[in-house]
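There are 2 protein chains.
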Amino acid sequence: MKRYLPLFAIAAICAAFPVAAQEAKTYPAPSEIVAVARADEWVTIAPSDLLVMDLAPDSKGNPRRVVIQLMPAPFSQGWVGNIRKLAAAHWWDGTSINRVQDNYVVQWGDATEKKALPQGLATMGATDYVTPDWLAKDWIFARADGRPDAYAAAHGFYIGWPLAQGREGLWPVHCYGMVGVGRNLSPDTGTGAELYTVIGHAPRHLDRNIAVVGRVIEGIEQLSSLPRGTGALGFYEKENERVPILSARLGNEAKDVPVFEHLSTDSASFAAYADARANRRDPFFNVPAGGADICNIPVPIRRKAK
Amino acid sequence: MKRYLPLFAIAAICAAFPVAAQEAKTYPAPSEIVAVARADEWVTIAPSDLLVMDLAPDSKGNPRRVVIQLMPAPFSQGWVGNIRKLAAAHWWDGTSINRVQDNYVVQWGDATEKKALPQGLATMGATDYVTPDWLAKDWIFARADGRPDAYAAAHGFYIGWPLAQGREGLWPVHCYGMVGVGRNLSPDTGTGAELYTVIGHAPRHLDRNIAVVGRVIEGIEQLSSLPRGTGALGFYEKENERVPILSARLGNEAKDVPVFEHLSTDSASFAAYADARANRRDPFFNVPAGGADICNIPVPIRRKAK
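Each protein sequence line maps, in turn, to chains P and L. Residues 1 to 306 in this note's numbering are what the first sequence spells out, letter by letter. Residues 1 to 306 in this note's numbering are what the second sequence spells out, letter by letter.
Note that these hints are calculated values from the structure, not bench results. Yeah, the Cβ is synthetic: ideal placement off N, Cα and C, and Gly gets one too. It is possible that part of the hints are untrue.
Stated by the list, open to error - Here's a subset of chain P near chain L, in silico, CB distances under 10 Å, partners left out:
no. : residue
1   : Ser48
2   : Asp133
3   : Ala136
4   : Gly200
5   : His201
6   : Ala202
7   : Asn209
8   : Ser267
9   : Ser269
10  : Pro283
11  : Pro298
Working from the sequences, and respecting the hints, build out all of it.
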């Protein structure tokens, strides 16, 4: 069978063949490195750190679920705390996906913009978009990987997340699938009720301007494959284009939520994976790139085997 | 009306207000810079440099058209020549979109892998993925913009296209919407019959490994919003999931093709636009990034006013 392009399947088959001489050495693909990572290199994600969003079934009646992992401390915790309160209040139930802009974002929340918010939400300000370095233990010693970044002095991975670094501290970055907090013009106007996820090339100009509060770890295709909105900024123009949100719950309060785990970004396997993403030497590739954009090294996440 | 997040519409409204003092100066958004570019800063794209692909109508009977601009000389011309021959032979008529992999590519061609190719297609080799610098006049003097690039020693824009540069020469880069040539393991196996476009974060590890032959300039949403394939690498598993291609023709041979134009990448307006993409100072933004990924500076393309 002949299959074309990004042929990791063929690469995997080739890499499985024994090789006799150094010249003929085959290198594993990133996915193969991840596949053989040791069990103790994976970190379980607490169900209470998930936001599980069930959309109305699709036109064929298939269920649609999106699972989001919330950003861990010390990053964006004011907004994450609000999201926990909004989920506990079942605030998103009956709201909808209202905006799908190609190569940019899918956004959801209250289309009427009139739904009352629960009491006690925190107000976050302009300084909350960046976290002081000293709050992220071990970052300085272990994280910056030395690859150039057009958007920051340095970047790297820390407790399972991609981060950027500048003089003022550390911040989470807008990669594909990251979830952020919609806001109005003033930086203190985002509560966490209006959320979006990235479905295109990383819009990193949003870093430090909008809070990143999580990432979609399963079901991104339920959002990225939605019809694009035809209004300004990709908003749906008709009410019946919106996709209803049936419920959004923390993972420990939702039904039938599997346990997820991410590859430790401190592990030897992650280091080898990141290197392989930057220097593809598996058989399909003729020229290793010699580097990788941080958003092109997605942290491996999977369902934990039962 | 309150609207959230990437609020370029509000930014545009604010920027339109007159300002009295330097302190209160508002800066235009990138889209506003493009909107006021002079007519002579736009470059008409020849219809014969377009590949117009008509898909079967969607489930509601709406037509689906994708317009691709082919890569100009001196880049990838062997494959582009093959694509012209394939279009002239109506080779894609009756083929289909067979693969949709989230955050990666949409791929089309002959799913049976048995359809005979027209006579006289060129065979391109490993050295054809990079173009010697001296073939691209003016590049060296004007193009590299000094921003760091994880994938290349330098990059910039040339005759309307993003390019990267290394010791061996210049090459087009895999940004969102770019069209490339599927191939098998050997670098000389891609003819141009099997094509894909990028629908996610720029997979620049493919640069120099796969030929970039064009970019989608209209209708990308007809591809990026398709259901993701559930087979390995996002291939559709069932024949009825494939999206039929009714026809693919060069722009001068297709019906009802508008004229397109791109903003000259040599123009003052493009320089201002690129700077604004790297340093957003319009009212929504609190912190300008100080740089931009080359794939986050898409070359402005529009239908030419009649």
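Quick rundown of the hints versus the structure:
For P/Ser48, the suggested interface contact is broken, since its CB lies about 27 Å from the closest CB of chain L, more than 10 Å. Checking P/Asp133 against chain L: minimum C-beta separation of about 17 Å lies over 10 Å; hint violated. Of the supplied interface hints, the one on P/Ala136 is violated, with its beta-carbon coming no nearer than about 19 Å to a beta-carbon of chain L, more than 10 Å. Hint status for P/Gly200: holds, given a least beta-carbon distance of 6 Å to chain L, under 10 Å.
Nearest Cβ of chain L to the Cβ of P/His201: about 5 Å, under the 10 Å cut. The hint holds. The restraint placing P/Ala202 at the interface with chain L holds, with a minimum CB-CB distance near 6 Å, inside the 10 Å limit. Satisfaction of the interface hint for P/Asn209 is found here, the shortest Cβ-Cβ separation to chain L being roughly 5 Å, below the 10 Å cut-off. Checking P/Ser267 against chain L by beta carbon gives a least distance of about 22 Å; that is not within 10 Å, so the hint is violated.
Because the beta carbon of P/Ser269 sits about 19 Å from the nearest beta carbon in chain L, more than 10 Å, this interface hint is broken. Annotation: interface hint on P/Pro283 holds; nearest CB of chain L at approximately 6 Å, less than 10 Å. Taking 10 Å as the C-beta cut-off, the interface hint given for P/Pro298 holds, the closest approach to chain L being about 8 Å.
When each numbered hint is compared with the structure, violations occur for hints 1, 2, 3, 8, 9.
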